[in-house]
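Engineer: Here's the letter readout for the chains.
Protein chains: 2
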Amino acid sequence: MSKLVIVGTVAFDAIETPFGKTDKILGGAATFIGLAASQFNVDASVVSIVGGDFPQEYLDLLSNKNIDVSGIEIVKEGKTFYWKGKYHNDMNSRDTLVTELNVLEHFNPVVPSEYRDAEVVMLGNLHPMVQMSVLDQMENKPKLVILDTMNFWMDCALEDLHKVIKRIDVITINDEEARQLTGEYSLVVAAKKIHEMGPKYVVIKKGEHGALLFHDDHVFYAPALPLKEVFDPTGAGDTFAGGFAGYIAKTGDVSFENMKNAVIYGSALASFCVEKFGTQRMEDLSSREVHERLQQFKSLTQFDIELT
Amino acid sequence: MSKLVIVGTVAFDAIETPFGKTDKILGGAATFIGLAASQFNVDASVVSIVGGDFPQEYLDLLSNKNIDVSGIEIVKEGKTFYWKGKYHNDMNSRDTLVTELNVLEHFNPVVPSEYRDAEVVMLGNLHPMVQMSVLDQMENKPKLVILDTMNFWMDCALEDLHKVIKRIDVITINDEEARQLTGEYSLVVAAKKIHEMGPKYVVIKKGEHGALLFHDDHVFYAPALPLKEVFDPTGAGDTFAGGFAGYIAKTGDVSFENMKNAVIYGSALASFCVEKFGTQRMEDLSSREVHERLQQFKSLTQFDIELT
Chain A
1 MSKLVIVGTV AFDAIETPFG KTDKILGGAA TFIGLAASQF NVDASVVSIV GGDFPQEYLD
61 LLSNKNIDVS GIEIVKEGKT FYWKGKYHND MNSRDTLVTE LNVLEHFNPV VPSEYRDAEV
121 VMLGNLHPMV QMSVLDQMEN KPKLVILDTM NFWMDCALED LHKVIKRIDV ITINDEEARQ
181 LTGEYSLVVA AKKIHEMGPK YVVIKKGEHG ALLFHDDHVF YAPALPLKEV FDPTGAGDTF
241 AGGFAGYIAK TGDVSFENMK NAVIYGSALA SFCVEKFGTQ RMEDLSSREV HERLQQFKSL
301 TQFDIELT
Chain B
1 MSKLVIVGTV AFDAIETPFG KTDKILGGAA TFIGLAASQF NVDASVVSIV GGDFPQEYLD
61 LLSNKNIDVS GIEIVKEGKT FYWKGKYHND MNSRDTLVTE LNVLEHFNPV VPSEYRDAEV
121 VMLGNLHPMV QMSVLDQMEN KPKLVILDTM NFWMDCALED LHKVIKRIDV ITINDEEARQ
181 LTGEYSLVVA AKKIHEMGPK YVVIKKGEHG ALLFHDDHVF YAPALPLKEV FDPTGAGDTF
241 AGGFAGYIAK TGDVSFENMK NAVIYGSALA SFCVEKFGTQ RMEDLSSREV HERLQQFKSL
301 TQFDIELT
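Residue numbers (full-length UniProt numbering), protein chains in the order written: chain A, 1 to 308; chain B, 1 to 308.
Pulled out of the complex, with its shape left as it was, chain A reads as follows (with noise of 0.2 angstroms):
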């Protein structure tokens, strides 16, 4: 069992689907993270910064999944960073109507010093140079570093991108981002240049088409889940992350098969986020259920093919 720091943010959003919408909820990417980490039963700290209108009752929801909560620091006379967007039709698109920084613009993370020596880290999506930060702060050079990050900082911080994206393992980046990131059509060739900035694993996230997880000249497909309906896409795509995160951090083994995995893991975990609003199926999801739904992925992927 490995420590486990998630730098990430915390906030609140706001968010509207053909199936309904809600006022500001609990959100944020390390909060997403966290709870599909807190699968894992994993020493795992959130690192992150709210405002003193977020409730305590949120705090102590990440608490009681035995979340460490003592790096989340709290501006009293701030306002907790904000979100509102709204999905289309088709779930693939959505647009960001709101985006109130707050107490986010000054983010200075700071990691607890009992969470220094962990072995994994994940630096959920934010500005290049806080993700940076937090790994300037460990003792040791990690086991394993995962990045998440997305277009907008390709479009207004690309050369410090490049500086943290050198001093990774693992990476996870859309397909899209994957492709504007490399100029390049084909994930293949996209996630190979990717390789040369630095991580020696990256993981293509293709939303309902699934996720690659490429290493050298290997290449692993986590499908995502055929759903009746996605209710709310919201998180997803961190759950993924934290998924993946606590997977590794919970077995302590970075090799590619393990990695196999904890994308499986991750996708499992993702394909119940998006199945209520925002963090909801995520606060109650039982141990059996996850269980369930790894028997599904293997029906669905698993085939007997004897190959001599």
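Derived by calculation from the structure, the hints in this document are not laboratory data. You may find that some hints are simply not true.
For chains that are exact copies, the list does not tell them apart, and a pair is met inside one copy or across any two.
[Stated by the list, open to error] Straight-line Cα separation of at most 27 angstroms, DSSO-like style, residue types lysine-lysine; simulated pairs:
| # | residue 1 | residue 2 |
| --- | --- | --- |
| 1 | LYS192 | LYS206 |
| 2 | LYS141 | LYS193 |
| 3 | LYS206 | LYS193 |
| 4 | LYS76 | LYS250 |
| 5 | LYS166 | LYS24 |
| 6 | LYS84 | LYS298 |
| 7 | LYS298 | LYS250 |
| 8 | LYS141 | LYS3 |
| 9 | LYS79 | LYS65 |
From a predicted model like this one, the values you see are computed outputs, not experimental measurements.
Assemble the complex: chain A is given as a structure, and chain B must be docked to it using the hints.
Structural biologist: For chain B alone, coordinates are given in the frame of chain A:
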């Protein structure tokens, strides 16, 4: 080893992709299906029609693969069906530049008498009434009838399409077509509605995103092999169907478990098809190469999470 009847076009294609262009070359759904099925050394007969302009060497090419061509009618004074298309840069969409039906306009398929007891029938993309006429010629109800179709028939012959769909066991259809046929965006719901139209098995092809096999509440997913480049997607869907049909004919096993293997074979063969223009790659494909590609599919999809 079962007999396999394949009905579909045998045609000339002219193709333009970002990588180059061809003059009229060998094409047609039944051609690609036949070449894929020939990998299984099954006793297959192609039922089709060509004009006097169709080279004998193309017929010989099929015969040399042990495909019976006696069901290919040659209309001496007629011209062979001709399609010309141009792929866009992303290779996922294409424009049809020329469609000359020629002899196909008056195609009355005749199944050779020694194939009217075939256990497996593959109805390639054609007018639904032409597909129906092949079914009507079969002496017994075949063990498995597979149908491929496209949006064109939904637009202009929907009623006939419904009639033939009612009589088949497996439909292969792409994602957009499944949505058009059912009016449902979710592929899970679309597959359920297609089940209710007749077919017990529904295969939804998602191009570079693989294929889904549905049966009652079961679902299986065959990925497409991630490729550095797709040289020419023409015939990939037919090759997939031909691999599926050929494997079923070879094994004679129509269980869902065996169909999982069939869609993996279909995906593996389709991954070769797109490597060169037209039928080129399929013409000289060795069983050793297929074997190696199946190994790749295993590495790509098989994982080892122990569930108790």
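Engineer: State for each hint whether it applies.
Structural biologist: Hints versus structure:
no.: 1; hint: LYS192 with LYS206; verdict: both (17 angstroms within a copy, 24 angstroms between copies)
no.: 2; hint: LYS141 with LYS193; verdict: within (24 angstroms within a copy, 54 angstroms between copies)
no.: 3; hint: LYS206 with LYS193; verdict: both (18 angstroms within a copy, 26 angstroms between copies)
no.: 4; hint: LYS76 with LYS250; verdict: neither (35 angstroms within a copy, 71 angstroms between copies)
no.: 5; hint: LYS166 with LYS24; verdict: neither (36 angstroms within a copy, 49 angstroms between copies)
no.: 6; hint: LYS84 with LYS298; verdict: neither (36 angstroms within a copy, 42 angstroms between copies)
no.: 7; hint: LYS298 with LYS250; verdict: both (21 angstroms within a copy, 26 angstroms between copies)
no.: 8; hint: LYS141 with LYS3; verdict: within (13 angstroms within a copy, 62 angstroms between copies)
no.: 9; hint: LYS79 with LYS65; verdict: within (25 angstroms within a copy, 72 angstroms between copies)
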